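Visitor: Chains as they are written, first to last, in our numbering: chain X, 6 to 265; chain Y, 1444 to 1814.
Below, a list of computed lysine to any residue pairs in the SDA-like style, where the Cα atoms sit at most 25 Å apart:
#1 X:93 - Y:1724
#2 X:179 - X:26
#3 X:155 - Y:1734
#4 X:154 - Y:1706
Because the hints were derived from the structure by calculation, they are not lab data.
Please read these numbers as outputs of a predicted model, since none were measured by experiment.
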Amino acid sequence: MGQAIGVSDQAMQISDEVMIGMDGVHKWYGQFHVLKDINLTVHKGERIVICGPSGSGKSTLIRCINRLEEHQRGKIVVDKVELGNDIKNIELVRREVGMVFQHFNLFPHLTVLENLTLAPIWVRKMPRAQAEEAAMLYLKRVKIPEQAKKYPGQLSGGQQQRVAIARSLCMNPKVMLFDEPTSALDPEMIKEVLDVMIELAQSGMTMICVTHEMGFARTVANRVIFMDCGAIIEQNDPERFFNNPQSERTKLFLSQILHH
Amino acid sequence: MADIAQRHEPGHHPDMAPPASEIGVIGWLRRNLFSSPLNTLLTFVASYIIYLIVPPLIDWALISANWGPGTSKAACVKSGACWTMIRARFGLLMYGFYPADLRWRVDVTFVMQFVAMGALLIEKVPNKKYWAIFFFLIYPVIAFFLLYGGLGMLHVDTSQWGGLMLTLVLATTGIVTSLPLGILLALGRRSNLPVIRFLSIGFIEFVRGVPLISVLFMASVVFPLFLPEGMNFDKLVRAMVGIALFSAAYIAEVIRGGLQAIPKGQYEGAMSLGLNYWKMNLLIVLPQALKISIPGIVNSFIGLFMDTTLVLIVGQIELLGMAQSSARDPNWLGTINTALAFVSVVYFSFCFSMSRYSQYLERKLHRGHKR
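Using the sequences and the hints, build the whole thing.
Guide: Take a look at the structure:
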């Protein structure tokens, strides 16, 4: 990577090891063709931002990666495990793939600490004390260790989203998926969440992020993907993507979101 | 008024006490009883109705009532309730025809039950896990042998069980078995597997379309016809199963309502962490869904408690049946009002406690994660 910007600065290692492979993936909702021939290879350590107009299939694409949505044709391999109807494989993949949602999806009946330790204890069979220790470490990393005993409903949106990120990290995932993580936040809370995500990117986490935060894309991503009508229209490193978009559709989209 | 006229710098207005008419006893009366002319009128009408009903009731039940011992209606000379009859028939009302010298076994059973239930339901008691193991696994075995006999204890046939004891046996087994069954049926009705879904829907809709009386009739009369020769279940067990299955169908629908209120994001959050179907439901979905369903579930439990009176039609004489037959005894003719009053008080105290406990539980769970 020759770009002298943002995280790429840190001489981040992107290995040759393939983390996610999507090969000719198609998906339909009933008659509606949502994903059309998606081919995407993500290497270990890559940070990918997916953007595009609403309804373009970006969320659906990343939700296919942990099988919250099933695809009807093509092949998806995550960390050498192929996703199909085999429930064991699906659970194996979900254990290794963390996901952060637009609406946080924290468990309101559990405290922050219980939200974080639930999956390590019940899925990874980690002893409670060890899980709590790890959880506190991640809460410190997202800068809200003092909220551990509170319930999600008592936190602000930005704090909730940081808890959600910490909750995924507690499973020690190999890949993190972000589905519009800042879209439901008040403007003054977006930065605190983006800061956590930038820090995560610098630590070398493989990330795929659906977002409209183009500043984040410029600093963090090593590849930006533009989707429209269920297909990948264009993908490039952020420098070339923003300064020299190839397709007319991309140019139009960028002009609309960058100049208003 | 001087306070209100006073000017303050913007943002420096001090907190002031509310006007006297808004707080204290007078404030309460104004708000709740005399807030409008119509409300004032209703307050007076309601007071008059209370005046008409309550003093005579107190007079009948307490002041002019007969409290002394006696062996027939002749002992009740005063005009009020004949509690003498309840005293004379107390054993029958509580234990039915359970042999008098063995009734201590029933006492022991229910003391154990109430202690264990108290330990499970009262928050402060520690070691909930061990109490749960005792109540759900060990206690039923002990209760079975104590009530039914065996292990060297004299056998008491279920046809001799009766009165309040029978009511409580039916209600407890009904409540304890119908809740888990109802949860499974509710999950089954939302299952992705068509066979399980259609079986659950079929069961729920069939049971809800049939009166409990006919379920009990079928259980006691029709069901034995399908069993092979020589094989037979106790009549009481069949009634228990009938009540539990009946109640489970209703509880399933109550819980399904709770399940539908859980946002899709909760399922996705749980799945994305790698929780499987059962863990997702047990740890994430059901705790939230059951909390929402508490009023409906307790409503079903109270209904079940009342429905135990219907076992009368398959020949089991529980509390209400026993009270009626006591009042029909030639010695006690004319005491039916007293009998019904007594039964009502007993039913009310059990059902009202259930209702109060459910309200306490709602408040407690609400406190847990208020917004």
